[in-house]
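2 protein chains.
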Amino acid sequence: MSGRLRGKRVAILVEEGFDAREVADPMAALREEGAEALLVGASAAAHYRDRNGGPTVTADLAASAARVQDFDAIVIPGGFAPDRMRMRHAMVDLAAAAMAANKPVAAICRGAQVLISADAIRGRTLTCWPSIAVDVRNAGGLYVDRPVVRDGNLITSRKADDLPAFAAALIDALLAL
Amino acid sequence: MSGRLRGKRVAILVEEGFDAREVADPMAALREEGAEALLVGASAAAHYRDRNGGPTVTADLAASAARVQDFDAIVIPGGFAPDRMRMRHAMVDLAAAAMAANKPVAAICRGAQVLISADAIRGRTLTCWPSIAVDVRNAGGLYVDRPVVRDGNLITSRKADDLPAFAAALIDALLAL
Chain A
1 MSGRLRGKRV AILVEEGFDA REVADPMAAL REEGAEALLV GASAAAHYRD RNGGPTVTAD
61 LAASAARVQD FDAIVIPGGF APDRMRMRHA MVDLAAAAMA ANKPVAAICR GAQVLISADA
121 IRGRTLTCWP SIAVDVRNAG GLYVDRPVVR DGNLITSRKA DDLPAFAAAL IDALLAL
Chain B
1 MSGRLRGKRV AILVEEGFDA REVADPMAAL REEGAEALLV GASAAAHYRD RNGGPTVTAD
61 LAASAARVQD FDAIVIPGGF APDRMRMRHA MVDLAAAAMA ANKPVAAICR GAQVLISADA
121 IRGRTLTCWP SIAVDVRNAG GLYVDRPVVR DGNLITSRKA DDLPAFAAAL IDALLAL
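Quick mapping for you: the protein sequence lines, in order, are chains A and B.
Using our numbering, you'd call the opening residue of the first sequence number 1 and step up by one each time.
Using our numbering, you'd call the opening residue of the second sequence number 1 and step up by one each time.
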């Protein structure tokens, strides 16, 4: 544990159907650097199952109680969880507020669906799971197919296999704050 | 079995993660009226699991072998299967061809994702599962929240609970051919 990110707090959004690696790997990478990583769900203490009905995680905090000023960055994991997150106003508002505040927002796989619902990607360059590339373009985003894309505060990746590059870009962005 | 739809052939698209009722109920309603209902998958004889990992169905025909002229209508069930269907060019092309030919196209839940990828909903009024309403609007569709919407050849519903109205609208459209 290097402690380079000590004092930094990061919200990792979670909902039913999340991709287990896309939650666990960024969390481990952040904690390894000394950051605090909190799971933000629709309700505090709610349990969420991953997309295979397997591992369960427990939310540390409800999205409605999460204030953007209390966090240095937001992570939006993928799987099918973003399909549910985007119907949670508090989650969409939190992501929108982080984008408006120019704080690092890191979205992987279908995580960009939340940013589409927040109308936060117009004119921004990003990547995502290919099934939603057309939705990203229709929302005004400039879709590219690369393992990780950083456009200002916005960090995006395509899939779990991109996680090492995704986590490294997130840590770089937090170190630069 | 009334036989009112004898001689009519309908393609029901299928992929991994389909909603079981949204495949089974339209199929049963069509067959009850004497229509032939075929499951069209990415590959012929491929097996697909539903969104809960439960019931498996087997494709009768590969999308690449399905010609729009051989069918009177297309059904696009929901669940998370449309997320995969929209990455299958042959499925998207089949849906696009049916829209272009003005044949009945019935999409329920997230089925509209396939029509977004086909760029087939500009100026059309439709409904869908609410998570993708913003994607429908961004693709030029006019989203409304009703159990079933019929706009010309396009029939859409929101969710499995809307299936009786959805199947009835599909049968009406086939009877009117």
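Possibly wrong hints are sitting among the right ones.
Taking beta-carbon pairs under 7 Å as the criterion, some of the chain A residues facing chain B (in silico) [as the list claims (entries may be wrong)]: (1) Q69; (2) Y143; (3) V144.
Non-contacting residues of chain B with respect to chain A, defined by C-beta distances greater than 10 Å in every case (computed) [stated by the list, open to error]: (4) A20; (5) E36; (6) S43; (7) G53; (8) P55; (9) Q69; (10) A90; (11) A97; (12) A101; (13) R110; (14) S117; (15) D135; (16) A139; (17) Y143.
Because the hints were derived from the structure by calculation, they are not lab data.
For every residue, glycine included, the Cβ atom is placed at its ideal position computed from N, Cα and C.
To see whether the hints hold, each was checked on the structure:
| no. | hint | verdict |
| --- | --- | --- |
| 1 | Q69 | violated (27 Å) |
| 2 | Y143 | violated (13 Å) |
| 3 | V144 | violated (17 Å) |
| 4 | A20 | holds (15 Å) |
| 5 | E36 | holds (30 Å) |
| 6 | S43 | holds (18 Å) |
| 7 | G53 | violated (7 Å) |
| 8 | P55 | holds (15 Å) |
| 9 | Q69 | holds (27 Å) |
| 10 | A90 | holds (15 Å) |
| 11 | A97 | holds (18 Å) |
| 12 | A101 | holds (22 Å) |
| 13 | R110 | violated (8 Å) |
| 14 | S117 | violated (5 Å) |
| 15 | D135 | violated (4 Å) |
| 16 | A139 | violated (5 Å) |
| 17 | Y143 | holds (13 Å) |
Hint compliance for this structure: hints 1, 2, 3, 7, 13, 14, 15 and 16 are not met, and every other hint is.
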